[in-house]
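Asks: Sequence:
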Amino acid sequence: MSDKSDISKRRRHASTGNDSVLLALGDQIRSARLANTMTQEELALVSGVGRELVIQLENGKPGVTLGKACRVLAVLGLQLTALER
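If you read the sequence shown in the UniProt record's numbering, its first letter stands for residue 1, the second for the next number, and so on.
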């Protein structure tokens, strides 16, 4: 049982380090959507995703698949790039 506990702890620790990245991504998505005068519903429709997914992205919530996130980014003219740390 300690193995599962250790894995759970590592997952929680790993996700906390990415919070600022996800929040920054969400801010960029929201800003681009508003600059394009789109509602969350319109962005979701054009991207082929649900409005709830757009909300999750804009709020920096983990768990959105990379493919769906990239579809939203593409509609907004944004690209996901890897950053060196």
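Hints listed in this document are in silico derivations from the structure and should not be mistaken for laboratory results.
Certain hints may be false.
Below, computed lysine to aspartate or glutamate pairings styled on EDC-like, alpha-carbon distance capped at 16 Å [to be verified]:
1) K61 / E42
2) K61 / E84
3) K68 / E52
4) K61 / D19
5) K68 / E58
Asks: Please go over all the hints and tell whether each is borne out by the structure.
Replies: These are the hints, each one checked on the structure:
1. K61 / E42: Not satisfied, since the Cα-Cα distance of roughly 20 Å exceeds 16 Å.
2. K61 / E84: violated, 22 Å
3. K68 / E52: Holds, because 12 Å separates the two Cα atoms, which is no more than 16 Å.
4. K61 / D19: holds, 8 Å
5. K68 / E58: Answer holds: K68 to E58 is near 13 Å, not above 16 Å.
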